[in-house]
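J.: Could you use the hints to bring the two separately framed chains together as a complex?
Chain residues, written in single-letter form:
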Amino acid sequence: MPDAADIAAFRAEVRGVLDAEIPQRIRANLRAGRRPTAQDIVTCQRILNRRGWAVPQWPLEWGGTDWTPLQRQVFLDELHATPAPEPLAFNVTMVGPVIAAFGSEAQKRRFLPRIANLDDWFCQGFSEPEAGSDLASLRTTAIRDGDSYVLNGQKLWTSGAHHANWMFGLFRTDRQAAKWDGISFLLVDMKTPGITVRPVITIDGLHETNEVFFDDVRVPADNLVGREGEGWKCAKFLLANERLLNGRLSSALHGWRRLKDRLVSAVGDDAREHELARRLTWLEVEMLAMTMTQQRLLEQNAAAGSSSAIEAMASIVKIKGTEIRQGLLELAMLAAGPHALPHQAEELVGDGVGDAWVADWIATSAASHCFGRAMSIYGGANEVQRNIVARRRLELG
Amino acid sequence: MTASVDLDPTALRDAVDRVLREHRDDVDTTRVWRALGEVGALGLRVPAAWGGLEAGAAATAVVMEALGATPVPGPYVASAVVGATLIGALADERQAAQWLPAMAEGRLRVALTCVEPMATLPASAGVTASAGADGSWLLNGVASPVVDGAAVDGYIVVARGEGVPVQGTTLFLVPAETPGLRRRTAPTFDGRDAARLEFDACAVRAQAVLGGVGRGADPLARAVREACVALCAESVGAMQAMLDLSLAHLRSRRQFGVALASFQVLQHRAVDMLIALEQARSITRLAAQRIDEGDEAAAQRACAAAKALVGRNATFVGQQAVQLHGGMGMTEACDVGRYFKRVTANDLLYGSADHHLQHLAVGGGLQPLDMGLNT
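Chains L and E, in that order, are what the protein sequence lines are.
Going left to right, the first sequence walks through residues 8 to 404 as this note's numbering numbers them.
Going left to right, the second sequence walks through residues 26 to 400 as this note's numbering numbers them.
Chain E with its partners taken away, still in its complex shape (with noise of 0.2 angstroms):
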């Protein structure tokens, strides 16, 4: 997939932007939602041909540093990266006019059952679908947690096939109000929100299948990689934040009769968290280009990489802007904590950085090629 020619990154980073500011003290969620989608940021992955922008993984990315900076309320990541991104790859006629626009203008959003990384999915994917009635399927079992899950309209479930006829993963395009789908909820520590699906011989018809029975995994781990980098690219706009809070704070506190950023410690510190911002910086778009270039191995090792040194770089910054803040960095009253418990829990998502930084490693490292290296 290609960014079509209108899409301007940028500008809509600025739009998204402007809409959080100006609904910033907002409780209500849905009219953020919605507002988000009047201006575009939710169709970014949409389909042209379904209402929306069409964008890769490059543009998602400036849009994604621009979200970590000011978080949004609801699943961005969940509905209109990953959502989009297998929905639109994905669904027939049927299934995308139903989705789609609805997604792009914010009536509607889905979350994906499975936050882990590829190599661990089929040990966890806790999910079956076995034949039912009538060419109908029966889901069992459980998903959990699904984050950004609690307060979606349908879920993209991964369900391995049991039994005949089909062995392998299978995608499901599920509403949530589906007979048979009970849901638990819970909000998760870094201000999302997460979900216990309890699938008890829940029915779906043959047409909730999304892309073909047996044929989920490759997509599934093209949307991961999608994931993993609108995840990174997220963290390195909150590493930004908590930098420049760091700096702020440097410059204003006083302690022994100076400004704390007087202190060489201090200044040291301040340049290893610039250091590691920029390498992150860097590794998420390089990430991105991959996935847009369109070479999946290449793609697979770039986004493993980007998780690896964004998971680590993020968790320095963050417990360092914590650190920095003093006793003021432990109190929820300190926007600092809210970005360091956003980079923290990301890590968590989709792979760590000791995983991928392992899985990386077992599969021979990063190649020549990856490094612009003639062979």
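If we strip away everything but chain L, and leave its shape as in the complex, we get (with noise of 0.2 angstroms):
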């Protein structure tokens, strides 16, 4: 364990790099709410990359580091506080570590560094129009004709798709299988012949997500992570994965302590007694509780080391990192009041006294209390989050 001295030139040396490096447009716009741009994303990952920081949490071997979870928590807090983009989470935190636990030495060697440098964008195909809560039921086929797989069917809700160069995703590859044993893992290059991508425009106004279709699209069978028919449990490893991530609250955190700021100049003097503020307090106290649940969680499963109490954790870890981000991407929108109506709020400041805190965060406050509803839907909704951990936690049903 490093000691205070350890981690503080640690932290120094962390902010410093981010604070000469990163671009100050960037941050300029991630301050304001607005999501980085797919190039803002690319920028900033090459920026850690270069530093060997850009997959902190992979095996050391395939660029990953030795930190502490101190080192790590300390590397997120910097980051969020410059702030700038996290490395794109469909490649460092899904694909990166299944590709690491489960692909050919070839695949590893082939894809890893370009993850990891992103130079493959990837996305993640596994819903499906008749496949959401209920994900093995999965459709889309991948059958094997010689060195191929040929792709049929369509996805949905595939977020970046139309910035991604490559996907990971679910397919059956055997219709007479039971439910979950004819699903595999493949890596599918969207350049290939029969896919196209189209836009579903979600109710932020933004496009994010995409339905992707696939007509007699060949993939390689060395495209295949694991073995033909366990791609179930690559997907049940990745999604744990997704779920401790949607549940972390490292990013929350620095958007609730700019929102506490921006509760005064909203409300005025009287904030703190403001109803705001009681409700805003309680999510306070429902986020101290939750940095030290993962704590323990997280610890508690170094020891146990089961891979149901790894998903129950996980799970438990998503509901209510989800439910304490809604809640506050919602005060944000609260706080605004009817200036968070406009939807391009900048068009209706004027130069007036009070004027200049209007620009900067409550045009996209609106937006991201919408989009910020996808959090208990999207990782697995909220609701088979707790199937989860009925099942495995609490040994129920």
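It is possible that part of the hints are untrue.
To be verified - Here are some chain E residues the structure puts well away from chain L; computed CB gaps all over 10 angstroms:
| hint | residue |
| --- | --- |
| 1 | Trp75 |
| 2 | Ala121 |
| 3 | Gly239 |
| 4 | Ala327 |
| 5 | Asp395 |
Stated by the list, open to error - Partial list, computed: chain E residues near chain L (C-beta under 8 angstroms):
| hint | residue |
| --- | --- |
| 6 | Val296 |
| 7 | Ile300 |
| 8 | Ser377 |
| 9 | Leu385 |
Since the hints were derived computationally from the structure, they do not count as laboratory data.
Computed from a prediction, not measured in an experiment: that's the story for all the values here.
Cβ atoms here follow ideal geometry from the backbone N, Cα and C, with glycine treated the same way.
T.: What follows is the structure in structure tokens.
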């Protein structure tokens, strides 16, 4: 365990690099509550990767770090304080660890360095129109034909597919096998003929996600990760990582800090007496407890190590973490009041006293709140998470 | 105060568990109390110099969690936690010698005459102290309810100074048998007891002052924080017991030809109870840590946060546990009611969830440092 001086030195080093290298324009954009552009994400991930910081949680041999949990926390803390976009989750949290754990040596050598540097941008082909909460009922097929799989069907909620040049996905390779046994985990080049990407505009008015159609798409059999029919194992491993990420509060904590300052500017001097202050305080109390709950559950699981315990823990973190994050986004909008209504609030801003704060974050507060409703749906709806906890942790049903 | 090196809170919790199991049907609560003293559970907060373990808040919370699952008959929080902490911190040599070793052994018990949150204290401290003859003090007024105070041997009386010589809060350590002090008692709804203390020109000697005339407010605030965290930990233990009972009931009870556990609405309820419990356990441990770290302002915020969250979450878990047990949950025969009543009562002591949330909000809420954020 590094001592306090080591941690302070580590923090100073991280802060120094981020301060010097993350462009001001990107930081200002994030501070205003807007999402980073694809190019911003690429720029920042490559800055981090040059330092060896893009994939700290990966195995050492594939570019990971030997950071302690506290160092990882400090790193994230500084990243969000800057603020800078996190490395692309589809790459570093989802597909990278799956390839490192289940992929062949050739796949690791081919993909992991490009995933870390965001030379390849992955999207996630899991959900389908008829396979949402019941993910294992997915129907997009991958039928073996010589050295290839031939893909037919449709994926939905494919976020970032319009930026991605690769997809990792779950496909049915055996229609006769039991529901969970006929699924395989494949890597698909998005430029392959037969793939069509169409935008799905979400209730925040933005284009983040897509539907993806497969029409006789030929994928080399070498792109199978793990064994045929064992895709569900990869999926469960990936989903646990995804849910821990969904529930993580490190970014929300910095959002909270900014919200707290803004509440005073939005509501005025009596902000502390305001009903919003009490609601915010309740969220703070829940957040404080959650930071400890995550730490405790992680320690318990390090001790227990069973995959069903890890699944249950990830689900608990996902449920509570997303509820808190949604609560913060809603409060930010409520603090803005009617100023949150105009789609582009900047256009209604004058140069009078009190106008300055409107331009900054108000413009995005309603959109962020709307998009935030997805948190309790994606990564497995929170109701599905409750099913998992009931089964794996409470042994009910 | 820091935990002494040889204190193992888990071992102590197990010892307490054992005593409580062995004396489960013992009607002589004095015997149970002495047995707890023998395993060291009553000296938890007593300084080592006086035969105690000199534990901190974190170790106390571990023990209190065990007591939540197996409620101990007797004034544990009042005497072994709050009483021992206050006397240990403030007593002079003579007071300490008279009370602390006997409290650690289970021969003497005390209670604090205040169960109010700090913010409302000045108005509710119904006992006044005025100067009497020969440096003595006269106590007048009423303290009620003194929870856990029906069968104790002494009281830490919270008194407001009246007139000369000193304004402010003064604590007095007063034997229950002092002339001029009348005690009426009643059981509480959660299985504890309470007293109404009437002080009528109750004369106490100058040596009864605990910690200095007019200097009671700060130690009292610290003791109330200790009480809050101890009650939170007790509620966490009770929440765990209620969740365990509810899960067992859901698995064994059959209706419509199937186990209740097969109904998704009940599964999800149980998961929400679990999450409420995990959150309560987390914030209680955090608050105990903050007390032990010694930054009083940070400890105050964390304790208020804990009392607010545990109050709300224990109310949720308790009410749902009764609900999930159906009609059986309403009966005296069902254990779940006992825990339900205890957590309900705990929310009413030293400030409810609503109270602490409101005061925390008005005080500016939690701070970035509380969340581990760098400034």
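J.: Report holds or violated for the interface hint on Ile300 of chain E, using the least CB-CB distance to chain L and a cut-off of 8 angstroms.
T.: Cβ of Ile300 of chain E sits 6 angstroms from chain L, so the hint holds.
J.: Next item in the hint list is Ser377 of chain E. Is there a CB on chain L closer than 8 angstroms to its CB?
T.: 14 angstroms, violated
J.: Does Leu385 of chain E pass the interface check with chain L, least Cβ-Cβ distance below 8 angstroms?
T.: 5 angstroms, holds
J.: Over 10 angstroms to the closest beta carbon of chain L is the bar; see if Gly239 of chain E clears it.
T.: 31 angstroms, holds
J.: Is Ala121 of chain E truly not at the interface, in the sense that its beta carbon sits beyond 10 angstroms from all beta carbons of chain L?
T.: 36 angstroms, holds
J.: The output says Ala327 of chain E does not contact chain L. Does that hold with a beta carbon cutoff of 10 angstroms?
T.: With a cut-off of 10 angstroms, Ala327 of chain E comes too close to chain L, as the shortest Cβ separation is near 8 angstroms.
J.: Far enough from chain L: is every CB of that chain over 10 angstroms from the CB of Asp395 of chain E?
T.: 6 angstroms, violated
J.: Hey, is Trp75 of chain E genuinely clear of chain L, shortest beta carbon separation above 10 angstroms?
T.: Correct as stated: the minimum Cβ-Cβ distance to chain L is 33 angstroms, above 10 angstroms.
J.: Report holds or violated for the interface hint on Val296 of chain E, using the least CB-CB distance to chain L and a cut-off of 8 angstroms.
T.: Holds - the Cβ of Val296 of chain E comes within 8 angstroms of chain L, reaching about 4 angstroms at its closest.
This entry does not satisfy hints 4, 5, 8, going by the numbered hints stated previously.
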